[in-house]
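Undergrad: So the sequences go chain by chain: P and L. Offset between the first sequence (1-based) and my numbering: plus 310. Offset between the second sequence (1-based) and my numbering: plus 1.
Everything labelled a hint here was simulated from the structure, so no lab data went into it. Quantities reported herein were computed from a predicted structural model and do not represent experimental measurements. Each residue gets a CB set at the ideal place from its N, CA and C atoms; glycine is no exception. Be careful, since some hints might not be right.
Sample of chain P residues with no beta-carbon within 12 Å of chain L, all distances over it, derived [said to hold, decoys possible]:
no.	residue
1	Met560
2	Thr631
3	Val643
4	Ile918
Chain L stretches covered by chain P per the calculated footprint, using a threshold of three residues with CB under 8 Å from any CB of chain P [said to hold, decoys possible]:
no.	segment
5	29-39
6	51-61
7	68-76
Restricting the straight-line Cα-Cα distance to at most 30 Å, the calculated cross-link-like pairs of lysine-lysine (DSS-like) are [unchecked claim]:
no.	chain 1	residue 1	chain 2	residue 2
8	P	Lys699	L	Lys15
9	P	Lys573	P	Lys587
10	P	Lys587	P	Lys872
11	P	Lys699	P	Lys872
12	L	Lys15	P	Lys835
Given next are the chains, with one letter for each unit.
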Amino acid sequence: MTTQADGGGSDFVNNLGKIYGIYAGGFAAFVILLAILEQVGVPDRVIGYLFVFFTLAVYAGVGILSRTVLVSEYYVAGRRVPALYNGMASAADWMSGASFVGLAGSLYILGYDGLAFVLGWTGGYVLVAVLVAPYLRKFGAYTVPDFLAARFGGHIARFLGIIVLFCCSFTYVTAQIYATGIIASRFLGVEFEIAVFVGLLCILLCSMLGGMRAVTWTQVAQYIVLIVAYLIPVVILSAQRYGVPVPQLMYGQALQEIAGLEKQFVAEGLASAETLKPYLQPFTTYNPLNFFGLILCLMIGTASLPHLLMRFFTTPSVRDTRKSVGWSLLFIVVLYFTAPAYAAFAKLEVYQTVIGTSIDALPSWIYTYGNLGLVQICGADATAIDAIKAACFSAGNPDGILGLSELSIDRDVIVIAMPEIAGLPYVIAGLVAAGGLAATLSTADGLLLAIANALSHDIYYKMVDPHASTARRLTIARLLLVLVAIGAAWLASTRPTDILSMVAWAFSLAAAGNFPALVLGVWWKRCTAAGAVAGIVAGFGITLFYVIMTQYGGMGEWFGIKNISAALFGLPAGVIVMVAVSLLTPEPSKEIQDLVDELRRPRGGTLINGGDARPKAA
Amino acid sequence: MANGNDVSWWSRTKGLMITCLAIWAIFSFVIHFFVGGLNEITFLGFPLGYYMAAQGSLIVCVILVFWFSGRQDSIDREFGVAEDDY
Chain P
311 MTTQADGGGS DFVNNLGKIY GIYAGGFAAF VILLAILEQV GVPDRVIGYL FVFFTLAVYA
371 GVGILSRTVL VSEYYVAGRR VPALYNGMAS AADWMSGASF VGLAGSLYIL GYDGLAFVLG
431 WTGGYVLVAV LVAPYLRKFG AYTVPDFLAA RFGGHIARFL GIIVLFCCSF TYVTAQIYAT
491 GIIASRFLGV EFEIAVFVGL LCILLCSMLG GMRAVTWTQV AQYIVLIVAY LIPVVILSAQ
551 RYGVPVPQLM YGQALQEIAG LEKQFVAEGL ASAETLKPYL QPFTTYNPLN FFGLILCLMI
611 GTASLPHLLM RFFTTPSVRD TRKSVGWSLL FIVVLYFTAP AYAAFAKLEV YQTVIGTSID
671 ALPSWIYTYG NLGLVQICGA DATAIDAIKA ACFSAGNPDG ILGLSELSID RDVIVIAMPE
731 IAGLPYVIAG LVAAGGLAAT LSTADGLLLA IANALSHDIY YKMVDPHAST ARRLTIARLL
791 LVLVAIGAAW LASTRPTDIL SMVAWAFSLA AAGNFPALVL GVWWKRCTAA GAVAGIVAGF
851 GITLFYVIMT QYGGMGEWFG IKNISAALFG LPAGVIVMVA VSLLTPEPSK EIQDLVDELR
911 RPRGGTLING GDARPKAA
Chain L
2 MANGNDVSWW SRTKGLMITC LAIWAIFSFV IHFFVGGLNE ITFLGFPLGY YMAAQGSLIV
62 CVILVFWFSG RQDSIDREFG VAEDDY
C-alpha cells in the first residue's frame with residue numbers, strides 16, 4: 311500500500327517549503343558573503359575551494375540526515391514525495407553534466423542543429439507522462455526490471471532488463487564522473503584523475519547511506535544550486551548588454567548581431583564563405599535525417615531510462631506521478647530555455663573580443679584553458695603566446711590577426727569559461743563550478759542508485775537469495791554501489807570520449823532495449839513473454855552492435871546515420887520482432903491479462919507490496 | 002474484469018493518448034520540417050523557425066503534459082477508477 315510505516319520524516323515532508331526556503335536563502339547569503347570576501351582581497355583559489363567544499367558538505371549532510379534502514383525508504387523514499395518536489399528532484403536527476411556543461415557548448419558549435427538536443431531532451435516527457443510512468447507507478451515496482459519480470463513472466467525478462475539498465479546507466483555514469491573531473495581539475499587545481507575520485511567520494515556519501523530517500527532530498531537541494539548557477543551569468547550579461555535581465559527574450563538580438571558579424575568576417579577575409587557554417591542556418595552539421603533521428607532517439611530514450619523512471623515510483627499516487635512529470639518538465643525547461651541564450655551570448659562575446667584581434671593581445675582565459683588542452687589556436691594548444699605565434703606562422707598566417715577557423719574551443723568549456731570570457735568577478739565562476747558539480751553529482755547519484763538497486767534487488771534478492779534479510783539486502787546494495795562507482799571512476803579516468811556522445815549512446819541503448827517492452831507491455835495485452843524477450847534482444851543487440859562497430863570496429867555508417875542515433879535501427883527492429891513473435895506465440899495467460907487490466911486502472915493501490923509479493927487477487 | 006464501464010473508460014483513455022501523441026508529433030517533428038520557411042518570419046526578434054525549436058515546442062510540451070494530467074484525472078473520476086483523495 312502507499313502509506314508506509316513512518317520513517318521518522320513526516321514532519322520533514324510537511325515542512326518542505328519552509329526547509330528549502332531557508333536553504334535557498336542560506337545559499338544566497340553564502341554567495342553574497344563570498345562576493346564580499348573577493349572584494350576585500352581573498353584569493354580566487356580560496357573562493358573556489360569554499361564554494362565547492364561548502365556545497366558538497368551540504369549534500370553529504372542531507373545524505374547523512376536521510377540515512378535509513380527501511381527497505382521501502384531505501385528503494386522508493388517511502389512513496390510520499392510530493393509531486394512538485396519530485397519534479398525538482400527529477401529535474402536534477404535528469405540534467406546532468408551533459409546538460410549543464412555540454413549543452414550550451416554544443417549549441418555554440420552546432421548552431422541550429424544543436425537544438426536537436428534541446429528538443430530531444432524535453433519532448434520525451436510527453437511520452438513519459440502518457441505512455442509509461444503512471445502505469446509503472448501503479449504496478450508498484452522498485453525497479454524497471456521488476457516490472458518486466460512480472461509482466462513477462464520470470465527471470466529471462468528480468469535479466470535482460472538488468473543488462474539494458476546496466477549498459478545504459480554505466481555509460482551515462484561514466485560521462486558524469488568524467489564531467490566532475492573536468493570541473494574539479496579546473497577549479498580545485500588537482501590532477502584530473504584525482505579529481506575524478508574526489509567527486510566519486512562525494513557521490514557515495516550522498517547515496518550510500520539513505521538510498522532513494524537521501525538521493526531525493528539531495529537532488530532537490532542540488533536543483534536549486536544548479537539552476538541559480540546556470541541563470542546568474544547570463545542574466546548579468548543580458549542586463550549589461552541590453553539593459554534587460556531576461557536573456558531568454560533578449561538573445562534574439564544577439565543572434566542577429568552574430569549573423570551580421572559572420573557576414574563581416576567573410577567580407578574582411580577572416581572567414582571563408584565556403585567553410586563558414588552560418589549560426590542560424592539549419593542542417594549544416596546534421597542532415598535532416600540525422601537531426602530528426604537524433605530527436606526521436608533522445609525522446610524515446612527519455613521514456614526508457616531506468617534512473618529517471620525510478621524517480622516516478624516515489625510519489626504518493628498515480629495522479630501525483632502524472633502531475634510530477636509536468637513539474638519535472640517545467641523545471642527542466644527553465645534551463646533548456648536558457649542554454650541557447652548562453653550559447654548566443656558566448657558566441658557574440660568571442661566574435662567581438664577574440665576573432666579579428668591580434669594574437670599578441672588575446673584575453674588571458676584563452677591561455678587558462680589552453681593549458682588544460684581545451685583551447686587550440688592554429689592547431690596548437692594555446693599554452694603560451696610564443697607557441698601559438700609559431701603555430702600560426704607556420705600555418706600561413708603571418709599577419710598575426712586571428713581568423714575564425716584558427717580558433718578551436720572544446721565544447722565542454724563554454725559554460726565553465728563564460729564568466730571569465732565576459733570578465734565577470736571570480737565569485738560567479740565559482741558559482742558556475744558549484745552548479746556544474748551539483749548537476750553531475752545529482753545525476754550520478756540517481757544512476758548509481760539505479761545500478762546498485764538492480765544488482766541488489768533484482769539479481770541478489772530475486773535471483774540468488776530470495777530469503778535474504780532486510781539488513782543483508784541493504785548491506786549488499788551499499789557494497790555494490792561502491793564497487794560500481796569505482797569501476798565507473800576507473801573508466802572515466804581513462805577519458806574514453808566526449809561527454810555528449812557517451813550520453814547520447816546511453817539514450818539510444820535505453821530506447822531500443824526498454825521502450826518497446828515497457829509500452830507494449832502496458833498498452834498491448836497480446837504481447838507475450840517470448841515476444842518481449844526476442845524484441846529486447848533484437849533491438850538492444852542491433853543498437854549495441856552499431857555503436858561498437860562504428861565507433862571502434864571501423865564499420866561504415868548505415869544510410870549515413872551517426873551512431874549517436876543508433877536506436878534508429880534498433881527501435882523498429884525491436885518493435886517488429888516483438889509484435890511478430892507475440893502473434894506467433896499463444897496469448898498470455900488470464901492472470902497476466904488481469905494484471906495488465908489492474909495496472910492500467912489508477913484505483914486500488916500497488917499490485918506488488920514491497921516489490922516482492924504476488925499480484926493481488928483480482 | 003472487463004465490464005462495460007472499464008471498456009468505455011479505456012477507450013476514452015486511449016483517445017486521450019492518441020490526441021496527446023498527435024500534438025507531440027506535430028510540435029516535435031512536423032513543424033520543424035518547415036524551418037526554412039518559418040525563418041523568413043521574425044518573432045520577438047527571433048527567426049520563427051529557430052524560435053520554435055528553441056522555445057516554442059518546449060512551451061507546448063509543458064502545457065500538454067499538465068493538460069493531459071488534468072484530463073486523464075477527470076476521465077478516471079468520471080468512470081470511478083480514480084484513486085481516493087487523501
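Undergrad: Quickly compare the C-alpha distance for P:Lys699 and P:Lys872 to 30 Å and report which way the hint goes.
TA: Between P:Lys699 and P:Lys872 the Cα gap is close to 36 Å, so the pair fails against 30 Å, i.e. violated.
Undergrad: Would the hint linking P:Lys699 and L:Lys15 be met if the CA-CA limit is 30 Å?
TA: violated (66 Å)
Undergrad: Against chain L, does P:Thr631 keep a CB gap of more than 12 Å to every residue?
TA: Check fails; 9 Å does not lie beyond 12 Å.
Undergrad: For the pair supplied as a hint, L:Lys15 and P:Lys835, is the alpha-carbon distance within the 30 Å limit?
TA: Holds, because 14 Å separates the two Cα atoms, which is no more than 30 Å.
Undergrad: Under the criterion that the straight-line Cα-Cα distance not exceed 30 Å, is the pair P:Lys573, P:Lys587 satisfied?
TA: holds (11 Å)
Undergrad: Mind verifying the non-interface call on P:Met560? Its CB should be farther than 12 Å from each CB in chain L.
TA: violated (8 Å)
Undergrad: Does the claim that P:Ile918 lies outside the interface with chain L hold up, using a Cβ gap greater than 12 Å?
TA: holds (17 Å)
Undergrad: Please verify the coverage claim for the segment 68-76 of chain L: does it have three or more residues whose C-beta sits within 8 Å of some C-beta in chain P?
TA: holds (count 4)
Undergrad: Do three or more residues of the segment 51-61 of chain L come closer than 8 Å to chain P, measuring C-beta to C-beta?
TA: Check passed, 8 qualifying residues.
Undergrad: Take a quick look at whether P:Lys587 and P:Lys872 sit within 30 Å of each other, Cα to Cα.
TA: Answer holds: P:Lys587 to P:Lys872 is near 19 Å, not above 30 Å.
Undergrad: Could you let me know if the closest chain L CB is still more than 12 Å away from the CB of P:Val643?
TA: violated (5 Å)
Undergrad: Are three or more residues of the segment 29-39 of chain L within 8 Å, CB to CB, of chain P?
TA: holds (count 6)
Going through the hint list in order, the structure does not satisfy hints 1, 2, 3, 8, 11.
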